[in-house]
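Q: Starting from the known structure of chain V, arrange chain W on it as the hints suggest.
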Amino acid sequence: GENVEQHPSTLSVQEGDSAVIKCTYSDSASNYFPWYKQELGKGPQLIIDIRSNVGEKKDQRIAVTLNKTAKHFSLHITETQPEDSAVYFCATPNTGNQFYFGTGTSLTVIP
Amino acid sequence: KAGVTQTPRYLIKTRGQQVTLSCSPISGHRSVSWYQQTPGQGLQFLFEYFSETQRNKGNFPGRFSGRQFSNSRSEMNVSTLELGDSALYLCASSLDRGTTDTQYFGPGTRLTVL
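Chains as they are written, first to last, in the working numbering: chain V, 5 to 115; chain W, 1277 to 1390.
Chain V on its own, in the form it takes in the complex (with noise of 0.2 Å):
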């Protein structure tokens, strides 16, 4: 099955910095890449998502990268806030739309 890899597993920024969350994937044919944004006591919440068709893509201050050639995906978060403090999830799905999920980072924005 897939194999998806998150980097680092914990993150802290200064508030105003920007955050990189990493992750890499192993099935060459996977084509959608959603990230996932969890606070405490809450289900995922998906915040960005891109598909294979296109390299980046942009929603205010939250991007996302992907490079094919090199199986990985990037989570970029500018202008980090408090409220971005949260686990970040990465997920690929194999042709059969079964979900796998990177391991999280865990984003503290210091005031």
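Check before you lean on any hint, since a few could be wrong.
Covered stretches of chain V, going by a simulated chain W footprint (3 or more residues, C-beta under 8 Å) [unchecked claim]: (1) 31 to 40; (2) 102 to 113.
Computed, partial: chain V to chain W, Cβ under 10 Å [stated by the list, open to error]: (3) 49; (4) 59; (5) 93.
Don't read these hints as lab results, they were simulated from the structure. Values in this document were obtained by computation on a predicted structure and should not be read as measured data. Positions of the beta carbon are idealized from the N, C-alpha and C atoms, including for glycine.
A: Chain W in isolation, oriented as in the chain V frame:
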């Protein structure tokens, strides 16, 4: 549009008991997936239902089962509970239009097995 809802939100059971969790997908969504989330193992796929049929299954023992009703609502059942079944159980729904569709998660059911 209402999001994915899960009931109950919290549950405490003892070893050997069984439990049933419920999930109502977003209106119009036909696929429902279930995940187990634990600090040690992360998010692990349990199974997926589409049109009342189990379409995918993860690597969990047969004590974990599920079903989907004609209105796309889904239930999962865990029999003979073990301490290690304590986890957050998440349900996610998607439209499933024949291509890979975004999964939207519910708030989860926190199961504690004593």
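Q: If a hint holds in the structure, say so; if it does not, say that too.
A: Hint-by-hint comparison with the structure:
1. 31 to 40: Coverage by chain W holds for the region 31 to 40 of chain V (4 residues, Cβ < 8 Å).
2. 102 to 113: n = 7 at 8 Å, threshold three: holds.
3. 49: Where the cut-off is 10 Å and the nearest Cβ of chain W is about 7 Å from residue 49 (chain V), the hint holds.
4. 59: violated, 18 Å
5. 93: At about 7 Å, which falls below the 10 Å cut-off, the nearest Cβ of chain W leaves the hint on residue 93 (chain V) intact, so it holds.
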